[in-house]
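Asks: My request is simple: use the sequences and hints to build the entire structure.
Heads up, the final residue of the sequence shown is numbered 713 in the UniProt record's numbering, and it's a clean run with no missing numbers.
Below, computed lysine-lysine pairings styled on BS3-like, alpha-carbon distance capped at 27 Å: (1) K461 / K423; (2) K649 / K627; (3) K346 / K304; (4) K338 / K304; (5) K240 / K111.
Simulated from the structure, these hints should not be mistaken for laboratory data.
Keep in mind the model is a prediction, meaning the values are calculated, not measured.
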Amino acid sequence: MGSMHQLCCFNTYLLSLCERNSITTGSRTMKGYWFVFHVAVLLLFGNMAFSQVRYTVPEEVADGTVAGNVAKDLGLDINSLTDRRFRVVSGNTDAFFEVNQDNGALYVRKKIDREVLCQGSGACLLELKILVENPLEMHYVVVEITDVNDHSPTFSERNQRFEIAEHTLPRRRFQVHTARDPDAGMNSIRTYTLTPNDHFEIDVLQSDEDKIPFLVLKKSLDREQKCSHSLVVTAVDGGKPPRSGTLNVTVIVLDINDNRPMFTKEIYEISVPENVLVGTKIFKINATDPDENLNGAVEYRLGKTLKKKVYDIFELDKLSGEIIVQGLIDYEENDVYKLDIEASDKGTPPLTGECRVIIKITDVNDNPPEIEITSLSNSVSEDSKPGTVISLLSVTDRDSGVNGNIITSIISDVPFELKPSYKENIYSLVTKGLLDREQVSYYEITMKATDCGEPPLSTFKTLSIQISDVNDNIPQFSQNPLQVYLSENNVAGKPIFSVSATDKDLNDNAAISYHIVREGSKNDIMSFLSVNSDNGQIIALKSFDFETLKTFQFQVVASDSGTPPLSNNVTVNVFILDQNDNAPVILYPLSSNGSEVTDHSLFALDRYTGQIRTLRSFTETDEAEHKLLIRVKDNGNVSLSATATVIVKLVEPKEAFAASDVKSAAKDDEDSNVIFYLMITLGAVSVLFLVSIIVLIAMQCSKSTDYTSKYLV
Numbered sequence: 001m002g003s004m005h006q007l008c009c010f011n012t013y014l015l016s017l018c019e020r021n022s023i024t025t026g027s028r029t030m031k032g033y034w035f036v037f038h039v040a041v042l043l044l045f046g047n048m049a050f051s052q053v054r055y056t057v058p059e060e061v062a063d064g065t066v067a068g069n070v071a072k073d074l075g076l077d078i079n080s081l082t083d084r085r086f087r088v089v090s091g092n093t094d095a096f097f098e099v100n101q102d103n104g105a106l107y108v109r110k111k112i113d114r115e116v117l118c119q120g121s122g123a124c125l126l127e128l129k130i131l132v133e134n135p136l137e138m139h140y141v142v143v144e145i146t147d148v149n150d151h152s153p154t155f156s157e158r159n160q161r162f163e164i165a166e167h168t169l170p171r172r173r174f175q176v177h178t179a180r181d182p183d184a185g186m187n188s189i190r191t192y193t194l195t196p197n198d199h200f201e202i203d204v205l206q207s208d209e210d211k212i213p214f215l216v217l218k219k220s221l222d223r224e225q226k227c228s229h230s231l232v233v234t235a236v237d238g239g240k241p242p243r244s245g246t247l248n249v250t251v252i253v254l255d256i257n258d259n260r261p262m263f264t265k266e267i268y269e270i271s272v273p274e275n276v277l278v279g280t281k282i283f284k285i286n287a288t289d290p291d292e293n294l295n296g297a298v299e300y301r302l303g304k305t306l307k308k309k310v311y312d313i314f315e316l317d318k319l320s321g322e323i324i325v326q327g328l329i330d331y332e333e334n335d336v337y338k339l340d341i342e343a344s345d346k347g348t349p350p351l352t353g354e355c356r357v358i359i360k361i362t363d364v365n366d367n368p369p370e371i372e373i374t375s376l377s378n379s380v381s382e383d384s385k386p387g388t389v390i391s392l393l394s395v396t397d398r399d400s401g402v403n404g405n406i407i408t409s410i411i412s413d414v415p416f417e418l419k420p421s422y423k424e425n426i427y428s429l430v431t432k433g434l435l436d437r438e439q440v441s442y443y444e445i446t447m448k449a450t451d452c453g454e455p456p457l458s459t460f461k462t463l464s465i466q467i468s469d470v471n472d473n474i475p476q477f478s479q480n481p482l483q484v485y486l487s488e489n490n491v492a493g494k495p496i497f498s499v500s501a502t503d504k505d506l507n508d509n510a511a512i513s514y515h516i517v518r519e520g521s522k523n524d525i526m527s528f529l530s531v532n533s534d535n536g537q538i539i540a541l542k543s544f545d546f547e548t549l550k551t552f553q554f555q556v557v558a559s560d561s562g563t564p565p566l567s568n569n570v571t572v573n574v575f576i577l578d579q580n581d582n583a584p585v586i587l588y589p590l591s592s593n594g595s596e597v598t599d600h601s602l603f604a605l606d607r608y609t610g611q612i613r614t615l616r617s618f619t620e621t622d623e624a625e626h627k628l629l630i631r632v633k634d635n636g637n638v639s640l641s642a643t644a645t646v647i648v649k650l651v652e653p654k655e656a657f658a659a660s661d662v663k664s665a666a667k668d669d670e671d672s673n674v675i676f677y678l679m680i681t682l683g684a685v686s687v688l689f690l691v692s693i694i695v696l697i698a699m700q701c702s703k704s705t706d707y708t709s710k711y712l713v
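Replies: Structural data, given as structure tokens:
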């Protein structure tokens with residue numbers, strides 16, 4: 001039974017091959033016999049079995065739809081399909097179907113469109129080869145793809161116009177545009193219908209697989225009664241439910257001259273680059289008229305309803321039908337031109353035929369990008385945060401395609417960047433870092449837009465941004481603290497020195513005013529100082545006395561006028577310098593007026609120690625009493641001095657001893673007092689000197705030597 005089944009299947013397969021390949025005569029007959037012989041050899045010597053199964057599947061079915069159980073229909077053991085490597089081995093069509101080795105089902109692998117796979121109305125057959133091994137068997141499965149009514153009939157144009165002479169005899173036929181329906185069988189176009197009217201009817205001519213509609217004149221026309229007729233032709237397919245498409249037909253009734261010029265096509269399409277030269281002949285049309293003499297002489301002209309721009313750019317030679325460029329073409333202004341062209345004969349009245357030439361303009365990269373800046377402000381505050389929007393940028397390119405693709409960037413090294421917007425070619429110019437007006441107060445931002453044409457075209461645009469000031473810098477003194485050396489006995493009410501501070505900000509933020517800090521115990525010192533708030537001049541309200549005040553310290557504050565104001569202070573150390581404004585004072589002995597020295601050869605005075613000594617021994621001839629006038633002076637620029645009188649008395653030895661004891665005791669007391677006062681004075685001066693030295697050293701250590709400055713007034 002297995003062999004008989006295989007043989008029957010094989011015979012059936014051979015018959016189908018013969019039918020499909022039309023093995024009848026000549027070389028095709030020989031090829032058919034050779035094919036049969038080849039298959040027979042395979043059966044006899046190759047131990048291969050053949051059989052054929054046929055299934056029907058509608059188009060557009062979902063993936064995974066089962067066409068049938070191949071294994072069951074072929075009589076194969078389902079449990080052995082995997083071991084026998086049950087599979088589809090067809091060529092190009094195996095992508096549409098696959099077999100399941102678990103249950104032997106043949107299923108649709110992907111969506112099938114019959115109109116794409118099998119054009120025409122004939123049967124759409126897919127032949128699959130199913131191969132199993134152990135033993136080797138080849139089975140053929142034919143799947144017929146049936147049509148579904150998924151397309152409506154359509155006409156190539158929605159309108160058609162006829163011009164029919166009024167003396168045209170009835171039964172004259174006029175071919176109507178044929179509708180197209182990709183569906184097959186009953187789903188294809190079945191019939192054409194015409195709106196009811198008195199003069200025309202529709203007739204359909206069957207040609208192979210097409211149905212060609214004709215408009216048939218069933219009653220003579222009378223132009224004087226009606227000069228035109230409007231009809232609607234409907235194409236209907238045989239689907240359930242049926243689909244349809246319509247064509248509007250206008251019939252113009254002509255008086256005489258019953259043939260009009262005819263173009264080889266109704267619509268021509270050509271492509272022309274936008275940089276075509278003026279004077280170039282870009283196309284030639286041709287219309288023929290079967291009439292004779294003037295009724296067959298054709299002239300061409302552009303339609304009267306075209307735009308003025310078309311007449312400016314294109315010219316039509318009325319005799320040759322050549323279309324000539326006579327104006328500049330710009331793709332960016334118009335990328336397509338539709339020229340309605342009429343061909344007229346010279347009959348009475350003349351007959352015309354119409355066609356349309358669609359001229360598609362191809363783009364060339366002849367336009368650079370355009371940059372449009374919408375500036376929110378020409379200035380930005382220096383304290384703006386990163387990401388602050390400065391302006392909006394729009395770039396456009398009148399070219400199309402790759403020629404219109406734009407790359408935009410900032411080419412200058414600035415703390416700004418472009419951020420794309422949600423819309424293409426729209427950018428926001430934002431800050432990308434912190435700004436500092438004191439470092440850079442003005443930016444020139446140069447932006448570049450480049451298209452992707454060949455060669456690329458670029459446009460540059462520069463935006464000027466001013467950085468506005470904020471009060472972010474405090475006044476700065478050139479050095480802090482300040483050391484000022486001032487001579488005593490200065491003139492009261494006059495400036496003694498100045499302080500000066502600078503501010504890197506602008507305008508009010510840099511307008512500095514000065515004042516002295518008055519605090520605590522220093523009020524007594526500050527009471528004789530004032531400062532000019534505008535220029536920082538320090539004015540002494542009284543004269544200083546070195547012997548009373550040798551040094552003092554105060555602080556000056558410099559404040560700007562910003563909001564809020566910022567301030568800084570400087571410490572001023574003032575050292576009073578001594579002037580020779582005090583004469584020497586003789587502490588001992590007390591001076592007396594009117595004394596004179598009696599003998600300069602008897603006494604001598606040590607100019608540095610003040611000791612008085614005798615130059616020789618006293619004699620009896622020397623006077624008993626001597627008056628010495630002593631003058632003491634200092635070493636100032638203007639020397640000051642003081643005088644004192646010393647009385648020296650000569651006594652006898654006894655009296656001298658007694659007097660000497662008394663005077664010696666008195667002198668010892670006086671000397672002790674003088675030495676005591678001198679020691680106190682010397683100690684006080686030494687202490688003051690050491691304190692001054694220590695203060696100077698401490699102040700020098702508290703600042704950098706680079707900023708040490710001394711003022712001597």
